[in-house]
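Student: Read off the chains here:
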Amino acid sequence: MNTLYYDCAVIGAGAAGLCAGAAAAGQNLKTIIIDRESHPGGVLLQCIHNGFGLHYFKEQLTGPEYAEKVTENAVKAGADLLMDSTVIEIKDGGKEKILTIYSGKDGVTLLHAKAVILAMGCRERCRGNLGIPGDRTSGVYTAGAAQKLLNIHGVLPGKTAVIAGSGDIGLIMARRLSWCGVKVKMVTEIMPFPAGLSRNIAQCLEDFSIPLRLSTSLTGIYGKDRVEYVTIAPVIDGKVDHSKEEKIFCDTVLFSVGLIPENELSKACGIKMHPVTNGPVTDSSSMTNIPGIFACGNVLHVHDLVDFVSLEAEKAAENCVKYVRNLHKGKGEDFREDIPVTAEGALRYILPVSCKKGEEASFYMRSSSVLRKARLTVSCKGDILAEKSLSYVKPAEMIAFTLPAEKTGNLPPGSTISFSLIPVNEEEKENENGKRK
Amino acid sequence: MEKENKVIRDMVCIMCPASCHLEVREGAEKGEYDIHGNQCPGGKKYALNEMCAPKRIVTAVVSSDSKCIACIPVKTDQSLPMELIEPLLQELYQMKISVPVRSGDILIKNYKNTGVDIVITRSVEK
Amino acid sequence: MEKYDVVIIGAGVTGLATAYTLSRYKLKVLVLEKNIDAAFGVTKANSGIVHGGFHYPLTTLKGRLEIEGNQLFSQYHKDLHFPFKRCGIILAAFTEEELLKVKELYERGKKNRVPGIELCSRERILKLEEKLSGNVLGGLYAPEGGVLEPYKYAFALAEISQKNGVKILYEKEVTSGTWKDSSWEISTAEGNIYKSRYVVNAAGLYADKISALFGGEEFSIHPRKGEEYLLDRLSPARPSKVIFPVPTTHSTGGLVIPTCDGTTMVGPTAEVLEDKEEKTTTEINRNNIFALAKNMVPSVSEKDLITAFSGSRPAMEGEDFYIAPSKKVPAFIQAAGIQSPGLTASPAIGKYIGVLLEKEGLTLEEDPSFIPSLPYQKPLWEMTKEEADAMHKKDPAWTNIICRCEKISEGEIVDAIRKGHTTLDGIKLYTRSGMGRCQGGFCSGRILEILARETGKNYASFTKRGDNSFLTAGDLTGEK
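Residue numbers (the numbering used here), protein chains in the order written: chain A, 1 to 437; chain B, 1 to 126; chain C, 1 to 480.
Bound conformation, chain A alone:
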């Protein structure tokens, strides 16, 4: 068995892991980034479309280009990359964390690290999770799995497809398949509004006249060996109306029905999970309930923009650097007061769930419904600390908000900060259904 010693171990070499690793190594922490794939970049490598990097790199990049840039940054900063290696266990030994790593090249490695940054990303919800009835045929894929087959292996998943769910990967795949000569019959979405970004509806569906069937449930998948057809039915007041079921003939079904942060490793080592995000609960320093274990990117909560992942990762790394430095100096934790933060009104969740008094804090949150116009109010015991007007708020699009240091500096002890999202005019609460032709 091999043994390695590092200041900081980053699990996952996707956007989050590479950016966190670059930032930690850039601050002279001895850093290693571990990933099970052969090439760094994570899911970006299969996202060959453009639209990444406008915030982080100030230019439009494709996924592989973004991956290459963040990889370069990590390598230049001095982070080591350990590829083709799977972390199978994280053990919290207080001031030292021990990672068990399996790889074909090195066998079993025990890696001792002072701090760990979780950046494992997420996985896709699949047919089985939804319990879609019918036959166990071939030709049923998650959108990301099909994307990998197509863009990495160069293999077509089928000839005629129905995409269940209007998540971004599904929308991107609708265009990608169309450009590969695969007929995409429709995209179904169980909610009355799409799950993906509006620009993706425009350029991936409307350009190809692919119908988006909102409030529609995929009710079954049938076929003897390969998919032969699916059934769909309208959803009325949250109930599927089976009497209006239709058959749609196709040989392929892709599921783009949401992402689940991959936290099996985190759970097994005792990290507390957030019931809404399915990711770890973190404080404003991106630290989990286990001191020295940080989390960022999609393992923490699902992002819609990789740029936000990168920014969040840098911040987690900065805090990780502080933590390791304090360990060296023999200092304990940061004893400044933690102010709890709550999500109210139309907010589904907010992260982090607390911030440090008198310190600038970045928050990420999501709305639970579609709002034409809304107001985000940050308050404490009725006093408004900050406000922001928003338009076209959607569950699919994350809201980012930075609370300046001076806003929290003078709050009395025992305060709670509440973030509240309120529609500006209830009548205008928009239902995207029917708006699009």
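Just so you know, these hints were derived from the structure itself, not from any lab.
It is possible that some hints are incorrect.
Some residues of chain A that are not near chain C, with every Cβ distance over 12 Å (derived) [what the hints assert, rightly or not]:
#	residue
1	95
2	215
3	340
4	395
5	418
List of simulated lysine-lysine pairs, BS3-like, C-alpha gap at most 27 Å [as the list claims (entries may be wrong)]:
#	chain 1	residue 1	chain 2	residue 2
6	A	185	B	55
7	C	378	A	105
8	C	167	C	28
9	C	163	C	44
10	A	373	B	45
Every value quoted in this text rests on a predicted model; they were computed, and no experiment measured them.
Every residue gets a Cβ at the ideal spot worked out from N, C-alpha and C, and that includes glycine.
Once you've looked at the hints, dock chains B and C against the given chain A.
Tutor: Relative to chain A, chains B and C alone:
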């Protein structure tokens, strides 16, 4: 503020993730358009293009002779007229890239005299 | 034309347990299977339960073979190493009527000499199984019951039989059987003819068709579909023992099963069908089965669902097993109607068919070169770090993890492919890759890559489970 003309078309700008909702209205002169709702000049340019000659950035993969990476991703370095997308894709799918290549290498220069280059987006050593 | 002593039609547990029995003797045995791999018929969608032996009276053949089969599993497990646990079976009663039925089954169990069978009070049963609902009134406990992985068991039977000279041919659908010059001539769909002195009909759902092809007895197999729902290994519902509802006239199925591999399975349903290939799962059945299961184990939840599947039991009139020499044609052993508890009984069925063949005149002469057991290979996920590291030194591919959810290595996948499992389902059933919470989302592509490397074939030729279950549709250049 002068009276606004009627909206001819609603569209979502695809230039960046902000996904601005654009309204295209008739301009002062016939054949001119006024664009509303854009947060940057790119949005205006996009909407005007959409009205006259829509263009898109195209991305695809091309097979390679690499032993590790079966397909190499490519993109158009700028938007390509939509009617040229299909012919370009057909051409790309029949090509084979010899490695090594660097991200940024030009695969096809000035595709059909459009001034658009097809650029490799992933470096592959071997 | 190849000549055999015995041709067995069907490579499910019945056919393969028979092959294993016969492989001890100096015989030429051939198994013909229409599917692409073993266990792909009735065996695959089995609940994987080794029954306790109290459901059927000893006056039935299945009652006798169940008891004997249950006991034989200890030896079979020791020799063949398929996943098997005698975790015990509990029958939980929730009404007075069910309590009466439990007493009746207890009496039957005593008569059947079920080892350790126990009639339990409410307190006792709750102590035995803490996942049970507090509404339970009492029940039955059979400590010798348990669970096994039916396909791994079938694969192990196939492997040991092959080691001992049995030939197994896949994708060979039998189309006719003719008695000629004191032996059978068996033709398959692609035109091959095999000659054999004896034939064993272990064709599962198609045993009726095979019997008719050989001029045997007329009977019909009625498929009785069972749907199963698999829950994530982190589900809080996982019990320590198999929990059965009490069989009453108005309820069937709805077990909560702690599978060998750490997941929890809820099912099966029971539904009589016309179509033998019908394998759908339905929303109504799912709702019913979850309601039944939640009644017994409240922590069962649809939220933990990772997949669902179904398969049909080959039921026939009279409900008992039909294992006997044909009275209409010579040298033809019928092994039909092997529904529940067929898996439990299978080791005994194999032996019983051996006895029947001997009675029909087949000479069973022990083969001194018989290899009684398979080498044991611990899967990576069960290894300690030290064991994994030692394994790495033998074969580095064993620490290269391909299926992240179930921790399955490249070494195990290559092993499966080299043993002839060349479909995605075959590899999955052999290694468990793709059985976890992401259901193959991450590893399917990598497995195809390994399959292509190992077999030298291209992606378009690979299927999920043979026939037309192709996984992909050619490459971007338009080539297949």
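Student: Look at each hint and say if it fits the structure.
Tutor: We went through each hint and held it up to the structure:
1. The beta carbon of residue 95 of chain A is kept farther than 12 Å from every beta carbon of chain C, the shortest such distance being approximately 22 Å.
2. For residue 215 of chain A, the non-interface assignment is confirmed: its Cβ lies about 18 Å from the closest Cβ of chain C, beyond the 12 Å cut-off.
3. At roughly 27 Å from the closest C-beta of chain C, the C-beta of residue 340 of chain A stays outside 12 Å, upholding its exclusion from the interface.
4. No Cβ of chain C approaches the Cβ of residue 395 of chain A within 12 Å, the least distance being about 20 Å, so the stated non-interface status holds.
5. With a least beta-carbon separation of about 29 Å from chain C, residue 418 of chain A lies farther than 12 Å from that chain, consistent with its non-interface assignment.
6. A C-alpha spacing of about 24 Å is found between residue 185 of chain A and residue 55 of chain B, which places the hinted pair at or below 27 Å, so the restraint holds.
7. For a cut-off of 27 Å, the pair hint linking residue 378 of chain C to residue 105 of chain A stands: about 21 Å separates their Cα positions.
8. With a CA separation close to 8 Å, the supplied pair residue 167 of chain C and residue 28 of chain C stays within the 27 Å bound.
9. The hinted pair formed by residue 163 of chain C and residue 44 of chain C meets the criterion: a straight-line CA distance of about 23 Å does not exceed 27 Å.
10. With a C-alpha separation of about 26 Å, the suggested pair residue 373 of chain A and residue 45 of chain B falls inside the 27 Å cut-off, and the hint holds.
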